[in-house]
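Asker: Take the given structure of chain G and dock chain Y to it, following the hints.
Protein chains: 2
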Amino acid sequence: MTFIQATKANPPTRPAVTTGPLPASTKVFRSGFLHPDIRVPMREIAVHPTAGEQPVTVYDSSGPYTDTASETQIEKGLPRVRASWIEARDDVTAYDGRHVKPADNGFVAGEQLTPEFPLRHRPLKARDGKAVTQLVYAKAGIITPEMEFVAIRENLGREQMRNTMARDGESFGAAIPDFVTPEFVRDEVARGRAIIPANINHPESEPMAIGRNFLVKINANIGNSAVSSSMAEEVDKMVWATRWGADTVMDLSTGRNIHNIREWIVRNSPVPIGTVPLYQALEKVKGIAEDLTWEVYRDTLIEQAEQGVDYFTIHAGVRLHYIPLTVNRVTGIVSRGGSIMAKWCLYHHKESFLYQHFEEICDICRAYDVSFSLGDGLRPGSVADANDAAQFAELETLGELTKIAWAKDCQVMIEGPGHVPMHKIKQNMDKQLAVCGEAPFYTLGPLTTDIAPGYDHITSGIGAAMIGWFGTAMLCYVTPKEHLGLPDRDDVKTGVITYKIAAHAADLAKGHPAAKIRDDALSRARFEFRWEDQFNLSLDPETARSLHDETLPKEAHKVAHFCSMCGPKFCSMRISHDIRAQTQKEGMAAMAEKFREGGDLYMPIEVASVATRR
Amino acid sequence: MTFIQATKANPPTRPAVTTGPLPASTKVFRSGFLHPDIRVPMREIAVHPTAGEQPVTVYDSSGPYTDTASETQIEKGLPRVRASWIEARDDVTAYDGRHVKPADNGFVAGEQLTPEFPLRHRPLKARDGKAVTQLVYAKAGIITPEMEFVAIRENLGREQMRNTMARDGESFGAAIPDFVTPEFVRDEVARGRAIIPANINHPESEPMAIGRNFLVKINANIGNSAVSSSMAEEVDKMVWATRWGADTVMDLSTGRNIHNIREWIVRNSPVPIGTVPLYQALEKVKGIAEDLTWEVYRDTLIEQAEQGVDYFTIHAGVRLHYIPLTVNRVTGIVSRGGSIMAKWCLYHHKESFLYQHFEEICDICRAYDVSFSLGDGLRPGSVADANDAAQFAELETLGELTKIAWAKDCQVMIEGPGHVPMHKIKQNMDKQLAVCGEAPFYTLGPLTTDIAPGYDHITSGIGAAMIGWFGTAMLCYVTPKEHLGLPDRDDVKTGVITYKIAAHAADLAKGHPAAKIRDDALSRARFEFRWEDQFNLSLDPETARSLHDETLPKEAHKVAHFCSMCGPKFCSMRISHDIRAQTQKEGMAAMAEKFREGGDLYMPIEVASVATRR
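Chains as they are written, first to last, in this note's numbering: chain G, 1 to 614; chain Y, 1 to 614.
Hints are computed from structural coordinates only; laboratory data are not their basis.
Ideal Cβ positions, reconstructed from N, Cα and C, are used throughout, including at glycine.
Worth double-checking, as some hints may not be accurate.
As the list claims (entries may be wrong) - Derived DSSO-like pairs (lysine-lysine); straight-line CA-CA distance at most 30 Å: (1) Y:LYS286 to G:LYS558; (2) Y:LYS101 to Y:LYS130; (3) Y:LYS350 to Y:LYS286; (4) Y:LYS403 to Y:LYS431; (5) Y:LYS426 to G:LYS431; (6) Y:LYS426 to G:LYS426; (7) Y:LYS585 to G:LYS350; (8) Y:LYS286 to G:LYS585; (9) G:LYS554 to Y:LYS286; (10) G:LYS286 to Y:LYS585; (11) G:LYS431 to G:LYS139; (12) G:LYS130 to G:LYS403; (13) G:LYS403 to G:LYS139; (14) Y:LYS431 to Y:LYS139; (15) Y:LYS554 to G:LYS286; (16) Y:LYS125 to Y:LYS139; (17) G:LYS426 to Y:LYS431; (18) Y:LYS350 to G:LYS585; (19) Y:LYS350 to Y:LYS403; (20) G:LYS286 to Y:LYS558.
Claimed, not checked - Looking from chain Y toward chain G, a few residues come up when the C-beta cut is under 8 Å (computed): (21) ARG336; (22) SER339; (23) HIS423; (24) PRO480; (25) ILE501; (26) ARG526; (27) GLU550; (28) ARG580.
The shape of chain G in the complex, shown without the other chains (with noise of 0.2 Å):
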């Protein structure tokens, strides 16, 4: 693994980014059968021979950079993987594109200025006003290439496991499939119920789906301020937010230089890049609200969307008459998007403009395959605020757009909250479900107590692991820097894999059939203190490593059957071999019927170690 931390102090020209493989992996690729040049990534934990197991296949999100085979240059940006296929359809037409202005990158020139990426590509867009999104070739039946990417990949394991194990799970009405085919992706695009975010100027991006019936997703929010960071820092979280399993990024960047940061981002990531155009429309108008225009805004969508942006974040639904329903609260509105709107509707004393020009808004995305994700803007931003009139107004708006955008061939996903207790977060699905039909619902936490600055990412992890149950199809992750700070590369991580724990709780209480291969493997690497597997096959290898290594660092005691929270005397999971072994010896029978008869049982056992406490 190369690992060159790029720092504030000496900002790299070329940023570095962490490369390689994760311990005992290795990228495998699996092909398509509908479109056989497909080349689907998986990523292979290898357990040690004695184990006398497969290795075990896990998601990877992470892209070209931990495939040794291949090699990134942050200058070239990554292979267009999906260039051919949206060729092959036909029904696009490239075309100068928009000429980028001194406003896109907040007025700023000279050295301050984030250079341009290398190499630009002509933008494509519709031919003809068509729609070139996944929807409109899911309701005309057409399986492209990218749901059959999508369908391999959500497969993992699921075919060994198939006729070996019972489902065990509640779904609370999520149908999710023994295994998932093609049409199968194919028929819940169509429904609106998942979507595929994939623009077709980021033709880097590798093909996922954001649905309920699918494993839950986790989203990674990175992005500068106007107080902090740099291009190469962002590239740098970006790849390394995906290197730990961020399923999408991101990019909130409010300060200077937010186009050409942009830019660097997109041609670099294997993962869809979602946005809030309307931070970057309020530095054109230089951060005064109620300068805002639909003019300002839409050059702003047709920019990032000639850029390769895969989903808008629109707080369409902040409308003017909601307002006076958040003066009472304990935080008022805690989203930007939500107050910048809210802030330019009192000044007019007019509906937002987003609202009204939501059909043009919607023919831009469809001509480049941009997703919705319709954001609540007036989400509570405390426990007190939770579930109020405010955000259920809120909702019941964002589901009147869904039925526009649906009706546009536009995919959707919805934002919810924010800050909730654990019992009225189901309430939150089961309205999103039945006022949105449907659509996929992604949620920020919500974090179930306000009490804990500084461990918001643990406070949001509870919801989102219930929330991810009940039915949230993504999970927009909190780090620890939430309501104190912008995230940093540490801070990433941690956010990162908390959120991949509370993604992967919903997928196993879900009833998920593949979910549980990974918990067994590590469990029982763990019975077996078989250190290393036990290293390899968690979430993230080196922690787990170096928390063990604390107590215990000599390379002899990766083998040694007992550790340091008991000692080499004793060990509990040392005692159940030696059950095992004797059932095995005298037979499960014949041990029963001892047992029944209350003879003695003489057990030969040597002095044995120890593991789990109390």
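Answerer: Just chain Y, lined up with the frame of chain G:
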């Protein structure tokens, strides 16, 4: 705050512990009505005068160490606050007590021997075979000082809230009162629904209750092992854990010097101390499980009861005929106590001596008021083994033992798992309530997935919050070191804060009438940019402050109306203030009218600032 880290390299003869108040905090005491001499500690957190708000009162488990008026000396132990209450009941007698033997400290001598605690108090025990438990008094209708202490302690802030706030929560059949009276505490104890662990030989402890209708409590495990750590470290960890909110501490030492280390811990602990006596008994027979005898075990119970241990984990539910049920598990038996007993039972092919001598154990416990924590020796060690036949068979036995203990007037709680995926958590709670007659449940997590060693405080914090909500009375913490090593000081803090989050999230969701006070106070501070108040009201003010300062270190930024997430140009919460100010100026009715009319509304808003995003 005095902070002297005890290190292994330079072990101090006088253990160094952290003392002094938390930021902006004052320890206050409330006196009793029935028992005017009791002084119930609480922590008041002051907020900035501009808020115009009363200090926020929070539960305080930290004992005299955070009291500026108290000078603690580790060599002397804490003041024996309960001594006069115990004496006044006139049912105990002091006696010479058991002689300390070399086996009690693992046959260690000379320099290796941890020094004896400098003071020795003659142990007390019940006179004439009586029970001296809180349960026997409660059944007799007596409200002890301990019960009134608990009532006052549990009430924090309820007085002011009583008439101002509607109850909001889902308690799954719990019976949390609007206001806790001493009689309510007595009644809960009498019914066996709550316990007050309060060994008559641990008069230093401040009474606390564990029960479904009280605040959810947390336990922190400490203790040395054959591989690492010293007395000084363990005393330091105990004080450190209670500083951050541990309601009880279990000393799970398994190495040498067990007797002497425990004496230092008990004499200096303001919270109840729990142990697993089997661990020490095993050391006395040099780690050979099959050499354990009832006599050695019995001797250990008396030794620890005389020292003042407040609750014993006793794995009396691991019966001989349940052991075959564990043979086909993925992770066998993972409880240390459970596996010791399994080994013993198999070796001798006899029923467990804990089960067979259970009534005699009760006779010891009732003479000192040691509470039972009936151990779940067959708890699942992986999600694959959750809720299986072995686990639930043992639980049935624990229910049977609960009734025996109650008949002997002993206080009882029941230990629970372990590793359980989310969809199987509630069944644990429901079954425990049903088969154990509503005796308090005390669970370890549960961990909701096996795949994140290094982050098991989080995998388990999710399960802990949920099962706490469902009705678990005390949550046993899990640290980041779980499965990997023994927790150090930092791990202890991370575990405690994570579990305070889980317990508080559970209190909120259950609708505890006082829980929300702190959330709302912190959220108001956040909304009003009172940064210092936001830090001070948080569970970990030091971490919150230091994360904030990573980006904006200057003191001036502590009053800034923005943070580093969005920078000074635009802040969502700042805008909400503008909206609110405008409403107040115009009047809500007039504002709403304008909204309906759709006329122009001029808002003189300054260029504003920014906080939470998306």
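Asker: Run every hint past the structure and note whether it holds.
Answerer: Comparing the hints with the structure gives:
{"no.": "1", "hint": "Y:LYS286 to G:LYS558", "in the structure": "26 Å, holds"}
{"no.": "2", "hint": "Y:LYS101 to Y:LYS130", "in the structure": "28 Å, holds"}
{"no.": "3", "hint": "Y:LYS350 to Y:LYS286", "in the structure": "21 Å, holds"}
{"no.": "4", "hint": "Y:LYS403 to Y:LYS431", "in the structure": "16 Å, holds"}
{"no.": "5", "hint": "Y:LYS426 to G:LYS431", "in the structure": "23 Å, holds"}
{"no.": "6", "hint": "Y:LYS426 to G:LYS426", "in the structure": "15 Å, holds"}
{"no.": "7", "hint": "Y:LYS585 to G:LYS350", "in the structure": "20 Å, holds"}
{"no.": "8", "hint": "Y:LYS286 to G:LYS585", "in the structure": "28 Å, holds"}
{"no.": "9", "hint": "G:LYS554 to Y:LYS286", "in the structure": "26 Å, holds"}
{"no.": "10", "hint": "G:LYS286 to Y:LYS585", "in the structure": "28 Å, holds"}
{"no.": "11", "hint": "G:LYS431 to G:LYS139", "in the structure": "26 Å, holds"}
{"no.": "12", "hint": "G:LYS130 to G:LYS403", "in the structure": "19 Å, holds"}
{"no.": "13", "hint": "G:LYS403 to G:LYS139", "in the structure": "15 Å, holds"}
{"no.": "14", "hint": "Y:LYS431 to Y:LYS139", "in the structure": "26 Å, holds"}
{"no.": "15", "hint": "Y:LYS554 to G:LYS286", "in the structure": "26 Å, holds"}
{"no.": "16", "hint": "Y:LYS125 to Y:LYS139", "in the structure": "20 Å, holds"}
{"no.": "17", "hint": "G:LYS426 to Y:LYS431", "in the structure": "23 Å, holds"}
{"no.": "18", "hint": "Y:LYS350 to G:LYS585", "in the structure": "20 Å, holds"}
{"no.": "19", "hint": "Y:LYS350 to Y:LYS403", "in the structure": "23 Å, holds"}
{"no.": "20", "hint": "G:LYS286 to Y:LYS558", "in the structure": "26 Å, holds"}
{"no.": "21", "hint": "ARG336", "in the structure": "5 Å, holds"}
{"no.": "22", "hint": "SER339", "in the structure": "4 Å, holds"}
{"no.": "23", "hint": "HIS423", "in the structure": "4 Å, holds"}
{"no.": "24", "hint": "PRO480", "in the structure": "6 Å, holds"}
{"no.": "25", "hint": "ILE501", "in the structure": "5 Å, holds"}
{"no.": "26", "hint": "ARG526", "in the structure": "7 Å, holds"}
{"no.": "27", "hint": "GLU550", "in the structure": "6 Å, holds"}
{"no.": "28", "hint": "ARG580", "in the structure": "6 Å, holds"}
Of the numbered hints listed earlier, not one is contradicted by the structure.
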